[in-house]
Amino acid sequence: MAWAGSQGTHATGAEILFRALTAARHGHVWPDGYREGPLITAPVHQRVVGELEAESERNRHEAQAQDEAPIIVLARQLGLRPETAGKSPSAWYADCPGKTHRLMVSSSANEFGCGYCRVKGGTAELEALVKQRKEARS
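Per my numbering, the very first residue in the sequence shown carries number -18; after that it's consecutive.
Derived by calculation from the structure, the hints in this document are not laboratory data. Backbone N, C-alpha and C fix where the C-beta goes; we use that ideal spot for every residue, glycine too. Please note that a few of the clues may not be correct.
With a straight-line cut-off of 20 Å between C-alpha atoms, the simulated SDA-like cross-links for lysine to any residue are [to be verified]:
| no. | residue 1 | residue 2 |
| --- | --- | --- |
| 1 | Lys68 | Ala5 |
| 2 | Lys68 | Glu43 |
| 3 | Lys80 | Cys98 |
| 4 | Lys80 | Val111 |
| 5 | Lys115 | Cys98 |
| 6 | Lys101 | Thr81 |
| 7 | Lys80 | Gly102 |
| 8 | Lys68 | Arg39 |
| 9 | Lys80 | Arg118 |
| 10 | Lys115 | Arg99 |
| 11 | Lys68 | Gly94 |
| 12 | Lys101 | Val111 |
| 13 | Lys80 | Val100 |
| 14 | Lys68 | Ser37 |
| 15 | Lys80 | Gln113 |
| 16 | Lys101 | His82 |
| 17 | Lys101 | Gln113 |
| 18 | Lys112 | Gly60 |
| 19 | Lys112 | His82 |
| 20 | Lys112 | Leu59 |
| 21 | Lys68 | Asp48 |
| 22 | Lys101 | Arg114 |
Label-pair distances were calculated between CB atoms; the ranges are [said to hold, decoys possible]:
| no. | residue 1 | residue 2 | range |
| --- | --- | --- | --- |
| 23 | Gly60 | Pro24 | 43 to 53 Å |
| 24 | Gly60 | Ala90 | 18 to 28 Å |
| 25 | Gly14 | Ser119 | 40 to 50 Å |
| 26 | His82 | Ala1 | 36 to 46 Å |
| 27 | Gly103 | Leu(-2) | 33 to 43 Å |
| 28 | Gly14 | Val54 | 35 to 45 Å |
| 29 | Glu106 | Gly14 | 14 to 24 Å |
| 30 | Glu106 | Glu49 | 12 to 22 Å |
Turn these sequences into a full structure, and let the hints guide you.
Right, here's the structure in full:
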């Protein structure tokens, strides 16, 4: 939920809401360009998107330092192509085994989760999921 208090100008509130919406949609929909509006000016748009992109890049670099976490190593060994997500220093994406979508992996918690398949767990559960899906295809 995003909320911009009644303090400040309408433009300040619009910027707070624009930042929250853009950050929430990261990885799904990113603003493809500026469209003129009365509250979000081109410089504000560029600044907000630039700051969010810089934060994402910082998170990716920090996540690279955690690429030896057991669940990341396992996902790589299982051919799930883990890659940093940019949402936090421990957020990663990996292929959901046998599916066309991605699942989320946390290198700090050493856990994975797939909202589509409604599965989650640690390294043992990930290994079991891959095995189960391979057997189902055979």
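Mind listing which of the numbered hints don't hold for this structure, in increasing order?
-> Per hint list: 26 and 29 violated.
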